[in-house]
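Residue numbers (our numbering), protein chains in the order written: chain A, 1 to 526; chain B, 1 to 295.
Pair ranges (Cβ atoms, derived):
#1 L6(B) <-> I403(A): 45 to 51 Å
#2 D133(B) <-> P235(A): 30 to 36 Å
#3 I403(A) <-> P93(B): 35 to 41 Å
#4 L58(B) <-> N351(A): 50 to 56 Å
#5 S150(B) <-> E120(A): 49 to 55 Å
#6 E120(A) <-> L66(B): 26 to 32 Å
#7 Q64(B) <-> L86(A): 43 to 49 Å
Because the hints were derived from the structure by calculation, they are not lab data. Everything numeric in this text was worked out from a predicted model, so none of it was measured. Glycine residues also receive a C-beta, built at the ideal position from the N, C-alpha and C atoms.
Residues per chain, in single letters:
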Amino acid sequence: MRRLLLLFVIVVSGCAPAADTGGAAARRIVYGLTLSVSGIDPHINQNTELGIVLRSVYDTLVYRDPVTKAIVPGLASAWTISDDGLVYTFNLRQDVMFHDGTFFNADAVAANLQRIMNPETGSQKARLLLGSLASYQIIDQYTISLTLSAPYSPLLDGLAQVYTGIASPAALGQYNLLRYQYHQVGTGPFQFVEYIPENRIVIRRNPNYAWGPAFYAPPGANAVQEIEFRFYRDPATRAAALESGEAQVMGELLPADARALANNAAFRVLPVTVPGQPLQFYLNTRLAPLDNLAVRQALLYATNRGAIVESVYQGFSPVAWGPVASSALFYNPGVVNAYAYNIEQTRALLNAAGYADNDRDGILEREGLPLEIRVIQPAWGLVPEVTQLLQDQWRAAGIRAIIDPVPGFTALLEKVTAGEYHLVSFDTSGIDPSFLNARFMSDGAVNWTGYASAPLDELLRAAAQLTDPAARQPLYSQAQSLIMQEALILPIREYVNLNAHSARVQNLLFDPYGWFPLLHNVTLAE
Amino acid sequence: MLLRPLLSLLLTLWLAVTLAFFALRVLPGDAIAAQFAAAANPAAAALRREQLGLDLPLWQQYGQYLLNLLRGDAGVSLYSARTVTELIAERLPLTLELAGLALLLAAGAGISAGVYTALSRGVPARLLRLFIDVLFSVPVYWTATLALFSVGVLIGGVQGAVGLPALVVGLHSAAAVARLVRVAVLQTAGADFVRTARGKGLPERLVIRRHMLRAGLLPVVQLLALQSAYLMGGAVMTESIFQRPGMGLLLLDAVLARDYPVVQGVVLLLALLYTVLNTAADVFTALLDPRIRRA
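The shape of chain A in the complex, shown without the other chains:
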């Protein structure tokens, strides 16, 4: 029996949380990530988690200022764009050293572009960010020019993202495409220490860093020296890990947990808006009855978005009214309150379209067919909670929602490909609204509304080619208005990443893309 007890003690003690290692000497923090990832090579993989870590390992040619969102110098100290918008010439900094001791120059930039553009690399995101980039020319040791096959104004936006971060050519040459992710070498304020899949990623301060963008201050006395990133896939465990002291920073908390932490003096809740497309449902205009504009509009009027944001997101997110979040560039505020909750309007539209509840079962029908809307429901982002409320709200308007849950993105894609859906939810992050092109152009790769119209195509095509912001603004404004006039989407809420951290952690700042922390100036108080 004593032996049994001993076993018990051993087993149970395995549950005890790890000791808080953030001592004064170490200045080490644990930063909680959410998903576990397929890989963390920024040129290859597309996940957000890799960016959270590697934003501080790599510098990019340009940065976006966290306050003004403007493109500012990074590894490139200056650049010019030819009048036809086809040639971008970058002057590079001459004082930059990679973590492996090799020096940064135009050859390094060329090696990175080469790697991203090479089809063998299988880039899931970085190649897309480079748009119509066709070739590059090394002008001299510290000057490189990039030539596009067609004007593509989001190029600088792409070059500001960690996915196009500049890696040491020596390290890229030393490891193959699969192994490089375990031995990453950049020029950023932190250097890569190790990546153990499903377990942790560790980065350590780069003592030589002196070429950061202007918005970085020199690191303070209490600056964090080492950061260990761990994965917390189950949202329910995230707040617990913070409270137990196992982690000092955590992203993507559940709204209710964020509410509770906000009332605890030992923690700071830091909601960060993520620009891009809001959480929204695409309305499949190819499938009856949503081929009818009046029915699409009726669905929008029947949805009480304020109630959804209040109950599901605990008020942490702004209600979304259009296809572009208010924190993205070229947002059109004219969409605000379009299709505000109005159930009378829903009834009027549906009656005019020939719907009536003749069999008195509470659901409208037309020509004997009940008004049923099939909704693909992914398991992430609290979408199941949202569709639950949609179902209730629509029933009050005589519309039956049929929920079609999918466990993951692969299954969601299959349902979409099969085409048997009315609504499907998805959101994309990004600052430059060129993210609309793949979604709303008639030949867009992920055009899930099935909508095809020459005017919208033309607006989006032209807006992505013009380099002058003043010229792009009206085009994107019109595109947003058109998308809402046609009721192609049901926007729900703007995406807000609910971060929280120990009160001892200070100066945690996020870049304008919302997901990525700028860790250079983070300090850990005694």
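Since chain A is already given, all that's left is putting chain B on it; use the hints.
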């Protein structure tokens, strides 16, 4: 003499792998489609499929897969591009650790509790029996969720640790073991050989250990072997509840992402473990039971 079990083992493994190979591929879509969907990059997806041989006819892929398998090459994950052997080698220890600890607990606590509840008629023994019955009746995911919730709230930070899942799963197995041991001990208590042992003046302690337990343990060994197979197979559930990145979670993620090679690899390994453990149970039974050994 060893040929028959070996052949049946190979047949089992071949069936498992073949089923896993075709079952997932009946459905459209694969992990590659999902990776390149947002990238609007059909050329990249096509190139990746070509690199991995996914553009070949199905029977050809199947044949190639079996050939590679015989060479010890289980393929490459469509999702992470890492080799399946590497992924499994990384995850298997976590599952083995959990299953091993749980099994220790199941054997230790299960046998002790079984003997105790068989021999004692006091109130504590009755309460223990009630507890065992409840534990035996409720599903593991119920206890697991409850434990995760209460312990998570009390101490927090249990993610990935082995203690709590081993405790929950181990106690469930222990309940099954305890019930069996109790019945076995009660049955042997009235047996002739036990009466003889008592009659020749053996101390009660030795009567229990040498005679009652030895006879009663036969079905328990069988049960423990089955339980360990169940612990490996059940890892999908426990690991997803406790978010412990072992083989079970690997399998679940791979199924959801349609990562065929990983699913095939894990299924193959689980089938192998299951079959080997069952065979081992038969062998142990033979060692412990003179009647079977002689036959």
